[in-house]
Amino acid sequence: MIAEQWRRLLAASATAVLAATLSACGGSAATAAPSAVALTFYYPVAVPGPITQLIDGYISKFEQQNPGITVKPVLSGGYPDTLTKIETTIKGGGTPPDVAVMLSTDLYSLVDSNAIQPLDSQIAAAGGNNYLNGFYPAFLANSRYQGHVWSLPFQRSTPVLYYNRDMFQAAGLDPTKGPANYQEMVADAQKLTKPDGSTWGIEISSDGIPYWLFQSFVIGNGANVVGSAPNQVSFDTPQVVSALQDFADLSAKYHVMPSGILQWANMPNDFVAGKAAMIWHSSGSLANILKQAKFNVGVSYTVGEQGFGAPTGGGNLYMLKGIPADHQAAAWKFIQFMSSNDIQADWSMHTGYIAASPAAYQTAAMKAYLAKTPQASVAPDGIEYAKAELAAHDNAQVQKFLGDAVQAVLTGKSDPSSALRSAQQQATQLLSAFKN
Amino acid sequence: MSSSLASPSSSVPRGAAVGRLSLRLHRFRLLDASGVLVLAIVAIGWAVPLIWAMAVSVHSPDEPITASNLWWGSKPTLSNYAQAFQIAPFAQYYVNTILIVAGILVVQLVTISLAGYAFARYPFRGQNLLFFLILLQLMVPSSALIVPNYSTIRQLHLFDTLVAVMLPYFGSAFGVFLMRQTFKTVPRDLDDAARVDGANWLQTLWHVYIPPARPAMVAFALSSISFHWNDFLWPLVVTNSTNSRPLTVGLAVFTQLGEIGAQWPLVTAGTLIVVGPLLILFLVFQRQFIESFLHSGLK
Numbered sequence: 001m002i003a004e005q006w007r008r009l010l011a012a013s014a015t016a017v018l019a020a021t022l023s024a025c026g027g028s029a030a031t032a033a034p035s036a037v038a039l040t041f042y043y044p045v046a047v048p049g050p051i052t053q054l055i056d057g058y059i060s061k062f063e064q065q066n067p068g069i070t071v072k073p074v075l076s077g078g079y080p081d082t083l084t085k086i087e088t089t090i091k092g093g094g095t096p097p098d099v100a101v102m103l104s105t106d107l108y109s110l111v112d113s114n115a116i117q118p119l120d121s122q123i124a125a126a127g128g129n130n131y132l133n134g135f136y137p138a139f140l141a142n143s144r145y146q147g148h149v150w151s152l153p154f155q156r157s158t159p160v161l162y163y164n165r166d167m168f169q170a171a172g173l174d175p176t177k178g179p180a181n182y183q184e185m186v187a188d189a190q191k192l193t194k195p196d197g198s199t200w201g202i203e204i205s206s207d208g209i210p211y212w213l214f215q216s217f218v219i220g221n222g223a224n225v226v227g228s229a230p231n232q233v234s235f236d237t238p239q240v241v242s243a244l245q246d247f248a249d250l251s252a253k254y255h256v257m258p259s260g261i262l263q264w265a266n267m268p269n270d271f272v273a274g275k276a277a278m279i280w281h282s283s284g285s286l287a288n289i290l291k292q293a294k295f296n297v298g299v300s301y302t303v304g305e306q307g308f309g310a311p312t313g314g315g316n317l318y319m320l321k322g323i324p325a326d327h328q329a330a331a332w333k334f335i336q337f338m339s340s341n342d343i344q345a346d347w348s349m350h351t352g353y354i355a356a357s358p359a360a361y362q363t364a365a366m367k368a369y370l371a372k373t374p375q376a377s378v379a380p381d382g383i384e385y386a387k388a389e390l391a392a393h394d395n396a397q398v399q400k401f402l403g404d405a406v407q408a409v410l411t412g413k414s415d416p417s418s419a420l421r422s423a424q425q426q427a428t429q430l431l432s433a434f435k436n
Numbered sequence: 437m438s439s440s441l442a443s444p445s446s447s448v449p450r451g452a453a454v455g456r457l458s459l460r461l462h463r464f465r466l467l468d469a470s471g472v473l474v475l476a477i478v479a480i481g482w483a484v485p486l487i488w489a490m491a492v493s494v495h496s497p498d499e500p501i502t503a504s505n506l507w508w509g510s511k512p513t514l515s516n517y518a519q520a521f522q523i524a525p526f527a528q529y530y531v532n533t534i535l536i537v538a539g540i541l542v543v544q545l546v547t548i549s550l551a552g553y554a555f556a557r558y559p560f561r562g563q564n565l566l567f568f569l570i571l572l573q574l575m576v577p578s579s580a581l582i583v584p585n586y587s588t589i590r591q592l593h594l595f596d597t598l599v600a601v602m603l604p605y606f607g608s609a610f611g612v613f614l615m616r617q618t619f620k621t622v623p624r625d626l627d628d629a630a631r632v633d634g635a636n637w638l639q640t641l642w643h644v645y646i647p648p649a650r651p652a653m654v655a656f657a658l659s660s661i662s663f664h665w666n667d668f669l670w671p672l673v674v675t676n677s678t679n680s681r682p683l684t685v686g687l688a689v690f691t692q693l694g695e696i697g698a699q700w701p702l703v704t705a706g707t708l709i710v711v712g713p714l715l716i717l718f719l720v721f722q723r724q725f726i727e728s729f730l731h732s733g734l735k
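Top line first, the protein sequences correspond to chains G and X.
The opening residue of the first sequence carries number 1 in the working numbering; numbering runs sequentially from there.
The opening residue of the second sequence carries number 437 in the working numbering; numbering runs sequentially from there.
Any given hint could be a false lead.
Unchecked claim - Taking lysine-lysine pairs in the DSSO-like style, the calculated list, with each CA pair at most 27 Å apart, reads:
1. G:Lys253 with G:Lys194
2. G:Lys294 with X:Lys620
3. G:Lys253 with G:Lys72
4. X:Lys511 with G:Lys275
5. G:Lys194 with G:Lys294
6. G:Lys291 with G:Lys275
7. G:Lys253 with G:Lys413
8. G:Lys291 with X:Lys511
9. G:Lys72 with G:Lys333
Keep in mind that the hints were calculated from the coordinates and are not lab data.
None of the values given here were measured: they were computed from a predicted structure.
Chain G extracted, bound-state conformation (with noise of 0.2 Å):
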């Protein structure tokens, strides 16, 4: 009796592995068309919604207006992920996807892995610089090495100032502008903290990416903390020593800000909830803010001593190396479609990225949507005011280095000087490994 249960289920689920081996060749096949380029495409997922279903819908426009060329999207996780797959298949031996969206900042390990192609001639046939100069130049910050350009611009953000314009009114404050730059901004932000403890002035979140809205008050104060080249970084000059000590001195000093570090995924519900009358976080973070805050929402710029700055982030589009000729034709043809205007219009409008270049932002629909949504400009508006972002060869550990001394500080661990110089010298041991 038991002995023919087992039978039973042994049968069954051969029958099952059978039917799933067919079921997935029978699927391969079928999207083999010949004569036509069929490419790939990973994107990884960084902000909510459908974006596989946008990712469709532009592909299968693509298609349309390219007869010949098909693109295989792929969904490849977060963005370690993609960079996991990749490489993975680089070094099993395998075909890599056509064309991937990695972090910008990843340029220089994709370089060193020797995973990505230059796109130098098909923009020279593009219009060359006329063509490159169509973007926002912040966006291609992180895109040149050793003389080429890598990749360009597809899901972009900066970090920006969310303010409450109610309390701002309530406090005395003008509320159709935010603060202009640190000294201000720590006025406002006394002004805005009750003494109850129920509303802070400020949050700034020094998790998960710390070094990350560092750059913003290190650009503030007019300095950055990218070296030169991508073997050298900017850690522990006088003016992100300064910086360091504002970012601490928020709530050690002024005590406008909670102590400790602030979870990055906490601040948009704290900013919602009435918590924190003012946050620093992703531009892309603006329509989930707009859906679920109940009082006028401002929009500035994060500001360091000597006014506004920000880094970029945010992810690329690349062309892999290694693939065949007429994939690497058709490519380009994929990547200059995904980073056109009304592309990137119809991207940002539906995930709070902002556009590649300021024309997506002339298109009707675009303008359409800014009448509606007036805040969803001043992202773009403060592209003037960003610089590159942290990226250095082995990207990971150097950020964690800067990322690990910001911590340091923010817990009373450590003082600026004394946490950048030893980022400093730690960075500059790792690096020395690399020539340029």
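We have chain G; now place chain X onto it with these hints.
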């Protein structure tokens, strides 16, 4: 355990329901009050995240989650589930996950019982070395094997198939170890008796060794199912199409939202969709699972 329960149940009036009640009372007495308290705290600690996830999954996405509004909010809604199902093709992913998990388990049960039997009852030259090597495999993290495994899958032309997801797990060092230990506890005499009766090795395995090993197999099946149900990186690396991807890849659409703050209602709805069947499976078969663990432990 049964002998200690016999005396109180015999002193009360007969009847199934009453018998069961007294049995429960007796168990309660066995655990003193402080023990119950500790157990309750542990149980609540385990349950709270799940209960919170259920509550938040019906929290309206337009409403902020605050200290005073931490649970289902003022207007509970199922829209998060609707949105989750819209964002990812969960129906297809369910089918794939079930095929992957069941496929791996069935092959594993065959390979581990055969290998365990060989190691337990067939002495051969180099047996200890081979067994040692198999155990050594337990120390190798599976992430270190992704590149060679991928390379094998590619050379077999299995990339982007369900078989590719399953293949590296068809053998199990843990399973072989577990079966070997279990089979070693079966008395030799039973084996000899079966042989005298004319059973060949397969019949002996089937009729003598497998039946007492079933609790161990159930325990192994549980750990295998929960591991492969949750596996993410390997399926992500080795598949490209909806047709061959499991639930966890669908869940990634919700959990990888690094750019903006966490969308707790959506994340919890997606998570519950993914873990739901496993949870129900465990609740339904809870008694069997616990009994099998007890049996395999008592042996």
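Structure-based check of all given hints:
Proximity of lysine 253 of chain G to lysine 194 of chain G is assessed by CA-CA distance (about 16 Å); at most 27 Å being required, the pair is judged to hold. For the hint linking lysine 294 of chain G to lysine 620 of chain X, the alpha-carbon distance of about 68 Å lies beyond 27 Å, and the restraint is violated. Of the pairs offered as hints, the one joining lysine 253 of chain G and lysine 72 of chain G is violated, with about 54 Å between alpha carbons and a cut-off of 27 Å exceeded. The hinted pair formed by lysine 511 of chain X and lysine 275 of chain G meets the criterion: a straight-line CA distance of about 22 Å does not exceed 27 Å.
With a C-alpha separation of about 19 Å, the suggested pair lysine 194 of chain G and lysine 294 of chain G falls inside the 27 Å cut-off, and the hint holds. Between lysine 291 of chain G and lysine 275 of chain G the alpha-carbon distance is near 17 Å, which keeps this suggested pair within the 27 Å criterion. With a CA separation close to 16 Å, the supplied pair lysine 253 of chain G and lysine 413 of chain G stays within the 27 Å bound. For the proposed pair lysine 291 of chain G and lysine 511 of chain X, the alpha carbon gap of about 16 Å is at most 27 Å, so the pair holds.
For the hint pairing lysine 72 of chain G with lysine 333 of chain G, the CA-to-CA distance comes to about 15 Å; that is within 27 Å, so the pair holds.
The structure fails hints 2 and 3 (numbered hints given earlier, in ascending order).
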